[in-house]
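Undergrad: Sequence:
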Amino acid sequence: MAAEEILKSEILCYHCGDNCKDKSIFLDEKIFCCSGCKTVYEILNQGELCTYYNFEQNPGISPKNFESKKFDYLDDASTINKLLEFKDDKISKITFFIPQMHCSSCIWLLENLFKLNPAITNSTVNFVRKELSVKYLHEKISLKDVVVIISSIGYEPQINLDSAEKKTQKKSNKDLYYKVGVAGFCFGNIMMFSFPEYFSITVSDGLLKSFFGFLNLILSLPVFFYSASDYFISAYKGLKKKIINIDVPLSLGILVLFIRSVYELLFLHQAGYFDSLAGLVFFLLIGKILQEKTYDAMNFERDYKAYFPLSVTIKQNEIEKSIPVSNLMVGNRILIRQ
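So for the sequence shown, this note's numbering puts the first residue at 18; every next one is plus one.
Treat the hints as calculated values from the structure; they're not laboratory data.
All of these numbers come straight from a predicted model, not from anything done at the bench.
Do not take every clue at face value.
What the hints assert, rightly or not - In silico lysine to aspartate or glutamate, EDC-like type, Cα no more than 20 Å apart, as pairs:
{"id": "1", "residue 1": "K305", "residue 2": "D192"}
{"id": "2", "residue 1": "K310", "residue 2": "E148"}
{"id": "3", "residue 1": "K332", "residue 2": "D89"}
{"id": "4", "residue 1": "K152", "residue 2": "D92"}
{"id": "5", "residue 1": "K338", "residue 2": "E156"}
{"id": "6", "residue 1": "K47", "residue 2": "E59"}
{"id": "7", "residue 1": "K157", "residue 2": "D93"}
{"id": "8", "residue 1": "K107", "residue 2": "D93"}
{"id": "9", "residue 1": "K191", "residue 2": "E309"}
{"id": "10", "residue 1": "K161", "residue 2": "D106"}
{"id": "11", "residue 1": "K310", "residue 2": "E214"}
{"id": "12", "residue 1": "K191", "residue 2": "E102"}
{"id": "13", "residue 1": "K86", "residue 2": "E309"}
{"id": "14", "residue 1": "K132", "residue 2": "D93"}
{"id": "15", "residue 1": "K55", "residue 2": "E65"}
{"id": "16", "residue 1": "K86", "residue 2": "E335"}
{"id": "17", "residue 1": "K107", "residue 2": "E156"}
{"id": "18", "residue 1": "K132", "residue 2": "D89"}
{"id": "19", "residue 1": "K132", "residue 2": "E102"}
{"id": "20", "residue 1": "K226", "residue 2": "E148"}
{"id": "21", "residue 1": "K47", "residue 2": "D35"}
{"id": "22", "residue 1": "K226", "residue 2": "E214"}
{"id": "23", "residue 1": "K157", "residue 2": "E214"}
{"id": "24", "residue 1": "K161", "residue 2": "D105"}
{"id": "25", "residue 1": "K338", "residue 2": "D93"}
{"id": "26", "residue 1": "K107", "residue 2": "E65"}
{"id": "27", "residue 1": "K99", "residue 2": "D35"}
{"id": "28", "residue 1": "K338", "residue 2": "D162"}
Build out the structure end to end from the sequences listed, making use of the hints.
TA: Rendered as structure tokens:
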């Protein structure tokens with residue numbers, strides 16, 4: 018049994034786990050199925066990243082048929098500007114789709130790219146969406162070199178025509194987060210000022226009771242006019258088109274809560290329902306954020322551009338050259354590989 022296990026370990030590539038038909042590639046008492054896997058191991062070993070192999074057995078991806086020259090199109094300034102999400106005087110940021118990502122070892126390795134090149138300042142993985150966000154110093158390393166480094170360790174990014182024309186990383190709705198923050202702040206403070214009402218504590222000073230009531234009213238105004246504004250706008254647009262959407266009853270409920278609370282405070286000298294109003298808007302906005310995140314994760318909006326590569330290899334005077342698809346001209350000879 019032990020002999021069989023030894024034999025099995027000898028015929029499996031140390032890096033990717035594929036069967037080794039040729040056992041002539043040895044390094045550090047380890048066997049590799051091809052020179053590509055051996056090269057990846059050497060890169061990781063040189064960068065002190067061999068911990069990668071401790072998380073999973075044979076976790077690597079074999080970088081077969083890897084050619085750095087096919088990324089020559091990334092030297093084009095217009096292509097780079099289309100792909101980058103952010104750029105300032107020092108740092109550039111880009112997000113890649115990495116279809117080969119499959120385990121914890123992949124995450125660990127991709128988030129330690131800075132050990133392979135210090136010019137890569139940060140790399141963050143979104144495992145669910147198989148995305149890798151990279152920040153790098155563009156004065157010290159080019160986008161092409163970043164892609165070559167990632168591809169050389171077996172995680173070639175999938176860069177297509179759609180990636181250049183539409184940023185993969187959607188801008189977060191900052192306004193929505195601000196509204197949640199305002200609603201949450203007001204909700205918490207209104208609840209704090211309403212403690213005497215919750216515990217039926219009798220406030221002997223009528224002026225003090227009125228003071229807290231009007232304070233709650235003031236805190237509810239940003240919630241009503243700012244945080245809940247999207248619901249009123251959506252309801253108004255729906256009614257204008259003679260359509261009753263989901264925001265109509267929500268807006269009606271928020272409006273009734275506010276009017277009733279103001280009426281009770283001014284005429285009945287009661288606390289009203291300002292805490293319920295702020296809490297309702299706060300949790301509605303939290304649900305809206307979760308809904309948007311779910312829709313962003315379930316990205317089914319793909320057009321024909323998602324199936325076209327960003328670059329092609331053409332032959333001119335028997336010389337192969339990689340160019341962006343947008344630069345293709347009638348009469349160009351395209352090189353197609355299997």
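Undergrad: Give me the numbers of the hints this structure contradicts, sorted from smallest to largest.
TA: As far as the earlier hints go, 5, 11, 13, 14, 18, 19, 20, 23, 26 and 27 are violated by this structure, in ascending order.
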